[in-house]
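J.: Given chain D, work out where chain W should sit, using these hints.
Spelled out, the chains give:
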Amino acid sequence: MSLGDRPDMSKVAKSNAGEPAVPPSRGSQRAGAVANWADERLGLGTMLKKNLRKVFPDHWSFMLGEIALWSFVVLLLTGVFLTLWYDPSMTEVQYAGSYDPLRGVHMSSAFASTLDISFDVRGGLLLRQMHHWAAHIFIAAMMIHLLRVYFTGAFRKPRELNWVIGCLLLLLGTIEGFTGYSLPDDLLSGTGVRAADGFVKATPVVGTYMSFFMFGGEFPGDAIIPRLYIAHVLLLPGLLLALIAAHMLLLVYHKHTQWPGPGRTEQNVVGYPLLPVYAAKAGGFFFIVFGACALLGGLFSINNVWKLGPYDPSKVTAGSQPDWYMGWPDGLLRIIPPWETHIWGVTLSWNIMLPILVMPPLMITILALLPFIEQWVTGDKREHHLLQRPRNAPTRTAIMVALMTFYGLSWAAGGNDIIAIKMDLSINQITYFMRAAIFVGPVIAFMITKRWCISLQRQDKEKLLHGYETGVLVRSPAGGYAEKHLPIDEHQAYALTARDRDEVYVPEEDDLDGVSPRGRRLARLRAKLSAMFFADNVQKPTAAEVEESRAHAEHELHELEHQIATGPNKHGPSSDH
Amino acid sequence: MRLLNRSAGRLSRHRRGPLAGLLVLVLGLLLTGGLYSAFAPAQADSTQAQEELVQEGRELFLVGCAFCHGQNGEGVLTQGGTQYGPPLTDVGAAAVDFQVGTGRMPMAQPGQQPPKKDPVYSEEETAALAAYVASLGTGPAIPDRELYDPETIADANGNGSNEDEVQEYVARGGQIFLANCTACHNFEGSGGAMPRGGYAPKIRGTDPKHIYEAMLTGPYTMDTFSDGNIPPDDKLAVIAYLQTLEETPSYGGFTFGGLGPVSEGIIAWVVGLGALVAFAVWIAAHTTRTSRKKDGAEA
Chain D
1 MSLGDRPDMS
11 KVAKSNAGEP
21 AVPPSRGSQR
31 AGAVANWADE
41 RLGLGTMLKK
51 NLRKVFPDHW
61 SFMLGEIALW
71 SFVVLLLTGV
81 FLTLWYDPSM
91 TEVQYAGSYD
101 PLRGVHMSSA
111 FASTLDISFD
121 VRGGLLLRQM
131 HHWAAHIFIA
141 AMMIHLLRVY
151 FTGAFRKPRE
161 LNWVIGCLLL
171 LLGTIEGFTG
181 YSLPDDLLSG
191 TGVRAADGFV
201 KATPVVGTYM
211 SFFMFGGEFP
221 GDAIIPRLYI
231 AHVLLLPGLL
241 LALIAAHMLL
251 LVYHKHTQWP
261 GPGRTEQNVV
271 GYPLLPVYAA
281 KAGGFFFIVF
291 GACALLGGLF
301 SINNVWKLGP
311 YDPSKVTAGS
321 QPDWYMGWPD
331 GLLRIIPPWE
341 THIWGVTLSW
351 NIMLPILVMP
361 PLMITILALL
371 PFIEQWVTGD
381 KREHHLLQRP
391 RNAPTRTAIM
401 VALMTFYGLS
411 WAAGGNDIIA
421 IKMDLSINQI
431 TYFMRAAIFV
441 GPVIAFMITK
451 RWCISLQRQD
461 KEKLLHGYET
471 GVLVRSPAGG
481 YAEKHLPIDE
491 HQAYALTARD
501 RDEVYVPEED
511 DLDGVSPRGR
521 RLARLRAKLS
531 AMFFADNVQK
541 PTAAEVEESR
551 AHAEHELHEL
561 EHQIATGPNK
571 HGPSSDH
Chain W
1 MRLLNRSAGR
11 LSRHRRGPLA
21 GLLVLVLGLL
31 LTGGLYSAFA
41 PAQADSTQAQ
51 EELVQEGREL
61 FLVGCAFCHG
71 QNGEGVLTQG
81 GTQYGPPLTD
91 VGAAAVDFQV
101 GTGRMPMAQP
111 GQQPPKKDPV
121 YSEEETAALA
131 AYVASLGTGP
141 AIPDRELYDP
151 ETIADANGNG
161 SNEDEVQEYV
171 ARGGQIFLAN
181 CTACHNFEGS
191 GGAMPRGGYA
201 PKIRGTDPKH
211 IYEAMLTGPY
221 TMDTFSDGNI
231 PPDDKLAVIA
241 YLQTLEETPS
251 YGGFTFGGLG
261 PVSEGIIAWV
271 VGLGALVAFA
281 VWIAAHTTRT
291 SRKKDGAEA
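These protein sequences, in sequence, are chains D and W.
Mapping the first sequence onto the working numbering, position 180 (from 1) lands on 180, and the numbers just tick up by one.
Mapping the second sequence onto the working numbering, position 262 (from 1) lands on 262, and the numbers just tick up by one.
Next comes chain D alone, as it looks inside the complex (with noise of 0.2 angstroms):
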């Protein structure tokens, strides 16, 4: 609009009663009118326009971190819930309800809150375990929608920092969990909270002075139930929910990723929009997992806390486990030898330190920065939007692997007693076994799934340059058997051909002259790291080479056909099989 045109007054309101000035649009009905009141106030037209036609790729694997994220919101349901009953105090009360076998008993408002839950309270058992099973689900789908994004290669550039953020929700919500099952002060509970007293009293110098902190004087005290109900409701279910909410927004930034195939690149995403596919398939997965977690609550039980009686610090059970999630720890908490160190009548006990205190951080950082040491290696600073099948990246996937069977024997290693006493082992035998196998079962899972790896993706080769097999045999006039290959079509080859060529760094020893000799050390570091991630993978097949092996087998196939048909032996497949 230029100076000296008069301004369009069309649009402007000749009073502020009335009808506006722009009438509504032609056949906007009730609802288009309810919304257009609403976009008038907010203005979230512009954006939920854009947004609503989002575009979301479509694989199962995919909807790994929904599980997670649809139980976490079955957690704050039946979260709030029970928080309309439990009282979070250890003041001291006479047991007075409906369980009899607990009548008269002393114990704490927290346990006897529990115990009105899950006995006087209408559908309360029901929701308590669903809340129980809810929270063991919110943390193995964290687990396996991790895994997913680190086998498929989908941290790298531009999502390093969402992986981050989804290792620190890994983590806040298993904390969040151990605040939650220490909250009805049940024997098991109690227990629990005692090993993390010794945990925090095994730290050098500070541990007395913090467990005194944590716990308002010496353990149990009266401060802990109250402090861990105030944690488990406010504090982590806040920063839970500002980390998820900053971790899908990050996602709708980048994007989601996609497989590569036909018309599939970095720069588009194919699939379909969130309204109405998505908004229907998220929607309908919410009701399934509130439907799965309902099924678990009242079919299963979870945590009998009625039968392990209140907290007494004299009592003990076998059995005392800690949740799923915190079991990697305490198995190497029960096979590390009794190493303890006195010193100036100080004793360091490195029993508890290594496998608690020094262990889980040391995993979780290890995890953080996996995405950041891979790029440093390979030295690739590239924008990634089209995922990598695991085989195609082994060292990479072996390096998880790895890392997961550390895990899955410390996990083991936490129900040692479980499996003694159902296996008929020696809980002994178990312990030995375990201090060699997280040591040498990690590498040799490593060198097992590096070269499985590396064997697929020759097959992959294979496939490529020869064709798939047909199962089709057939003897020649000479009497030998062959199998018939025929080759695969384009959409599969180009989808096992959408991935770069993958090379080694070698610094040239020229560009290394005025380089420091750390920078040296660190350049031939890397060299040797990026031999290990990529010198033995088989690359893919050059177009040339592929046209070749297209030809040769179209003359091979000829060949035979025409051996066949002149061979004395006739019995071979004909066309009119």
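Fair warning: there could be bad hints in the mix.
Unchecked claim - With a straight-line Cα cutoff of 27 angstroms, these simulated DSSO-like cross-link-like pairs (lysine-lysine) come out: (1) D:Lys255 <-> D:Lys49; (2) D:Lys157 <-> D:Lys540; (3) D:Lys463 <-> D:Lys540; (4) W:Lys116 <-> W:Lys209; (5) W:Lys117 <-> D:Lys422; (6) D:Lys422 <-> W:Lys202; (7) W:Lys209 <-> W:Lys117; (8) D:Lys422 <-> W:Lys116; (9) W:Lys202 <-> D:Lys315; (10) D:Lys50 <-> D:Lys255; (11) D:Lys528 <-> D:Lys540; (12) D:Lys54 <-> D:Lys255; (13) W:Lys117 <-> D:Lys315; (14) D:Lys484 <-> D:Lys422; (15) D:Lys157 <-> D:Lys54.
Worth flagging that the hints you see were computed from the coordinates, not collected in a lab.
T.: Okay, now just chain W, sitting in the frame of chain D:
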């Protein structure tokens, strides 16, 4: 009164009769003998029966037990000096009744802690073995029924079934159980692991008499809970609690053996997450109305 005086007077007339002395003597003897047989323990007879039982037990012992425990229950040492079969001189009848009654003894071969199995000896034979071993020395006797059977709690108080009384026993027994037993036997009595391949067996479904005897004798690595430790009344309370635990329905649903968080974790992963991942695959495989087009495009 007059009638009584008259009959007494009539009787009195015969008091100096020739047969009176004899009659009084006979009456006295009958009374003494009758009273004796009514009140005195049948010692002469039972001693004989007991001796027969011990003899029978000894014969069974020589055939089935002496190989490891010695011909007189003195125990057998291996060449290395370790126990082949421990001495049974002071274990008492309760230990035999527990070991043989639960099928743990005789063992198939000397070695690790024997498992519970179907008893080899009949009840009479077990009683004979118990009697023989009891005759070798001291040790606790087989408890009477009112010591171990929770059903006798109400009867003992004489006023029929008193639910409050029973409930009080159950609640007390639960606390004693959690303080003394669960560390090895698990909070649901599901059992637990002990060092070097040993184990605390599952106690759900065990005969109350055997539970009582186990507390009394402390088999294998189990502590002996003497009557000074846990008085008989408290032992009965523990058994009453265990019985209530068994009779109580599983309020929360299936329990997977009552083993605690390990089985719960397995269920969460296999059933919970397994089902949800299967649903994810199912949802991804079924795309609204566009599936045909997609298939066509790919084919």
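J.: Against the 27 angstroms threshold, does the CA-CA distance of Lys117 of chain W and Lys315 of chain D hold or violate the hint?
T.: It is violated: about 31 angstroms lies between the C-alpha atoms, which goes past 27 angstroms.
J.: Just to be careful, I want the Cα atoms of Lys157 of chain D and Lys540 of chain D compared with a cutoff of 27 angstroms; is the pair within it?
T.: 23 angstroms, holds
J.: When you check the alpha-carbon spacing of Lys484 of chain D and Lys422 of chain D, does it fall within 27 angstroms?
T.: 51 angstroms, violated
J.: Does Lys255 of chain D sit within 27 angstroms of Lys50 of chain D, going by the straight-line distance between their CA atoms?
T.: 13 angstroms, holds
J.: Is Lys202 of chain W within 27 angstroms of Lys315 of chain D, Cα to Cα?
T.: 19 angstroms, holds
J.: Would you mind confirming whether the straight-line C-alpha gap from Lys255 of chain D to Lys49 of chain D stays at or under 27 angstroms?
T.: 16 angstroms, holds
J.: Holds or violated: Lys463 of chain D and Lys540 of chain D, Cα atoms, limit 27 angstroms.
T.: Roughly 11 angstroms separates the two Cα atoms, so the pair holds.
J.: Sort out whether Lys540 of chain D lies within 27 angstroms of Lys528 of chain D, counting only the CA atoms.
T.: 23 angstroms, holds
J.: With the threshold set at 27 angstroms, check whether the alpha-carbon distance from Lys116 of chain W to Lys209 of chain W stays at or below it.
T.: 15 angstroms, holds
J.: Hinted pair, alpha-carbon criterion (27 angstroms max): Lys422 of chain D, Lys116 of chain W. Please report holds or violated.
T.: Cα-Cα ~15 angstroms, so holds.
J.: Next pair to validate is Lys117 of chain W with Lys422 of chain D; report whether the Cα-Cα distance is within 27 angstroms.
T.: Holds, because 17 angstroms separates the two Cα atoms, which is no more than 27 angstroms.
J.: Decide if the proposed pair is consistent with the structure: Lys209 of chain W and Lys117 of chain W, CA atoms, cutoff 27 angstroms inclusive.
T.: 16 angstroms, holds
Violation of the numbered hints given earlier is confined to hints 13 and 14; the remaining hints are satisfied by the structure.
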